[in-house]
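> Next come the chains, spelled out residue by residue.
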Amino acid sequence: GENVEQHPSTLSVQEGDSAVIKCTYSDSASNYFPWYKQELGKRPQLIIDIRSNVGEKKDQRIAVTLNKTAKHFSLHITETQPEDSAVYFCAASKSGNTPLVFGKGTRLSVIA
Amino acid sequence: DAGVTQSPTHLIKTRGQQVTLRCSPKSGHDTVSWYQQALGQGPQFIFQYYEEEERQRGNFPDRFSGHQFPNYSSELNVNALLLGDSALYLCASGTVMNTEAFFGQGTRLTVV
Numbered sequence: 001g002e003n004v005e006q007h008p009s010t011l012s013v014q015e016g017d018s019a020v021i022k023c024t025y026s027d028s029a030s031n032y033f034p035w036y037k038q039e040l041g042k043r044p045q046l047i048i049d050i051r052s053n054v055g056e057k058k059d060q061r062i063a064v065t066l067n068k069t070a071k072h073f074s075l076h077i078t079e080t081q082p083e084d085s086a087v088y089f090c091a092a093s094k095s096g097n098t099p100l101v102f103g104k105g106t107r108l109s110v111i112a
Numbered sequence: 113d114a115g116v117t118q119s120p121t122h123l124i125k126t127r128g129q130q131v132t133l134r135c136s137p138k139s140g141h142d143t144v145s146w147y148q149q150a151l152g153q154g155p156q157f158i159f160q161y162y163e164e165e166e167r168q169r170g171n172f173p174d175r176f177s178g179h180q181f182p183n184y185s186s187e188l189n190v191n192a193l194l195l196g197d198s199a200l201y202l203c204a205s206g207t208v209m210n211t212e213a214f215f216g217q218g219t220r221l222t223v224v
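Sequences listed follow chains A and B, in order. Letter by letter, the first sequence follows residues 1 to 112 of the numbering used here. Letter by letter, the second sequence follows residues 113 to 224 of the numbering used here.
Simulated from the structure, these hints should not be mistaken for lab results. Heads up, some of the hints might be wrong.
Here are the simulated lysine to aspartate or glutamate pairs, DMTMM-like style, with alpha carbons at most 20 Å apart [stated by the list, open to error]:
1) A:K94 - B:D174
2) A:K42 - A:D84
3) A:K94 - B:E212
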């Protein structure tokens with residue numbers, strides 16, 4: 001089955017700097033890659049996603065890139081703010097509403 | 113428009129007891145998936161319900177069972193609770209044609 005590895009497990013950046021979180025997946029049939037942000041005690045919130053027919057997607061300060069050949073995808077956050085501090089999870093799934101397989105998460109701390 | 117709602121928010125049970133958790137999907141959604149999130153880990157897929165049937169199942173024992181009702185709401189039942197069942201249980205709803213998943217706020221289950 002699918003296996004998703006996520007790095008780093010913790011990341012500290014200065015406010016205004018960029019943050020990059022990387023994930024690799026094992027199943028070449030996976031074609032949907034969402035990213036979730038989970039603040040302490042709250043639900044995972046979908047912040048951006050990308051499908052296999054696209055190499056990059058951007059939404060304001062957040063971007064995701066996908067390399068299907070290498071089977072890895074990354075989350076990029078620019079101009080980080082203290083409110084970006086949270087745990088971020090990557091996930092992968094195949095089409096047709098198959099289950100999401102999550103990475104173990106990255107705890108991002110943005111230091112003011 | 114209400115999002116995905118879960119009840120109760122917190123629950124404490126004793127080993128060996130049984131528990132039922134509830135989920136109402138987002139309006140317009142017809143699939144419900146349940147995930148278990150242990151402390152410091154990513155969510156793990158338990159099972160998914162569509163058209164009142166279990167469609168897919170993760171690597172969880174038969175002690176974990178569920179149900180979906182005609183109004184698309186769902187229940188997760190866990191029998192013979194173990195200490196290791198302590199976790200945040202998340203419900204995610206979606207549509208059968210779309211891989212996007214939206215999570216509820218979760219039920220924090222503590223087994224003592």
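> It remains to establish, for every hint, whether it holds in the given structure.
Hints and how they fare:
1. A:K94 - B:D174: 25 Å, violated
2. A:K42 - A:D84: 14 Å, holds
3. A:K94 - B:E212: 11 Å, holds
Of the hints listed earlier, the one the structure fails to meet is number 1.
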